[in-house]
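Under my numbering, think of the first position of the sequence shown as 20, with each following residue one higher.
Hints are computed from structural coordinates only; laboratory data are not their basis.
Where hints are given, some of them may not hold.
[Stated by the list, open to error] Below, simulated DSBU-like cross-link-like pairs (lysine-lysine); rule was C-alpha separation at most 30 Å, straight line:
no.	residue 1	residue 2
1	Lys237	Lys269
2	Lys21	Lys33
3	Lys106	Lys117
4	Lys269	Lys178
5	Lys262	Lys178
6	Lys297	Lys262
7	Lys21	Lys106
8	Lys297	Lys237
9	Lys28	Lys56
10	Lys194	Lys178
Just so we're clear, the structure is a prediction, and the values are computed from it rather than from any experiment.
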Amino acid sequence: MKLRGDVLKQIRRKRGLSQTALAEGICTQATISLMEKQNRLPKMDILTAICERLNISSDRIVENEVSGVNDTFNKVIDMLTAHEYDKAEEMLDAVKVKQLDSDFDKQRYYYLLGMVQVENDQIDDAIFNFELVLTQFATTSANIYLAMTTAGMAMAYLKRNDRERAIRLTNRSVKLIDNKKLIGSLHQWASINDQIANLYLELGDPDSAIEMVNRGIKMCRAQDSLFLLDELYLCLGRCYIAKGEQEDAKQALEIAKSLSIARHGTLMEEDIETELEKLQ
20 MKLRGDVLKQ IRRKRGLSQT ALAEGICTQA TISLMEKQNR LPKMDILTAI CERLNISSDR
80 IVENEVSGVN DTFNKVIDML TAHEYDKAEE MLDAVKVKQL DSDFDKQRYY YLLGMVQVEN
140 DQIDDAIFNF ELVLTQFATT SANIYLAMTT AGMAMAYLKR NDRERAIRLT NRSVKLIDNK
200 KLIGSLHQWA SINDQIANLY LELGDPDSAI EMVNRGIKMC RAQDSLFLLD ELYLCLGRCY
260 IAKGEQEDAK QALEIAKSLS IARHGTLMEE DIETELEKLQ
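Construct the entire structure; sequences and hints are all you get.
Written out as structure tokens, the structure reads:
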């Protein structure tokens with residue numbers, strides 16, 4: 020991650036705050052100065068508190084660098100989103116873990132590897148890698164990968180038919196995104212809401228699933244982003260089918276179909292058509 024100190028400084032001045040006033044009760048004035056002048060990234064709890072005081076999201080002043088390992092991980096995320104699991108696995112296989120410099124990079128690596136393994140039904144390996152994230156990196160940074168990993172763990176246990184543990188982990192992931200000020204991008208927030216919604220649906224709780232879907236849709240609309248909107252509306256349609264609300268289901272699925280074409284052609288049309296056939 021890269022801090023935009025120039026943007027931080029501009030926002031601080033617009034709020035009419037001195038460096039000392041912004042730092043009060045959070046950190047030292049010198050920390051703010053280093054952030055603005057040298058793009059020094061502070062601890063995540065400090066960054067979160069500063070963003071709260073400025074009433075901004077962390078995305079305004081923090082960006083992911085698109086070079087080296089960051090570029091690799093971003094491509095893997097795109098492949099997972101597109102359900103291209105074999106390609107994602109190949110790209111992760113090329114990453115040399117010992118050369119990863121930061122705990123944050125290691126956290127991302129083991130999370131992404133675990134997600135690929137869940138999709139490939141390598142459940143024991145996936146759980147092992149998710150546990151690495153949650154036990155070794157849980158206190159290093161308050162970022163959204165903690166919630167995403169917890170939801171990934173729930174997916175793994177659901178595939179293992181351990182419903183009780185899957186429910187506990189799903190509920191825990193919701194508490195993480197509700198109670199902790201986690202750092203994450205719009206794409207990550209949309210993904211975690213979609214992930215949790217599908218978990219609740221599989222666990223037989225369509226009402227909770229609808230609540231999570233609507234959170235994701237609201238976020239995407241607020242940012243004028245189509246990212247994952249088709250998958251969110253597909254999940255919404257499936258929720259209404261589970262509740263026996265056919266008209267609402269049809270409306271959601273038709274929206275999903277249109278969004279799928281707008282985003283990437285016919286990638287999801289077969290899944291959507293399958294769900295629409297259930298309404299005939």
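Structure-based check of each hint:
1. Lys237 with Lys269: Status holds; Cα separation ~20 Å.
2. Lys21 with Lys33: Holds - the C-alpha atoms of Lys33 and Lys21 are around 22 Å apart, at most 30 Å.
3. Lys106 with Lys117: Roughly 22 Å separates the two Cα atoms, so the pair holds.
4. Lys269 with Lys178: Distance ~28 Å between Lys269 and Lys178 Cα, so the pair holds.
5. Lys262 with Lys178: holds, 23 Å
6. Lys297 with Lys262: holds, 13 Å
7. Lys21 with Lys106: holds, 27 Å
8. Lys297 with Lys237: Holds, at roughly 27 Å.
9. Lys28 with Lys56: Distance ~9 Å between Lys28 and Lys56 Cα, so the pair holds.
10. Lys194 with Lys178: holds, 22 Å
Comparing the model with each numbered hint stated earlier shows that all of them hold.
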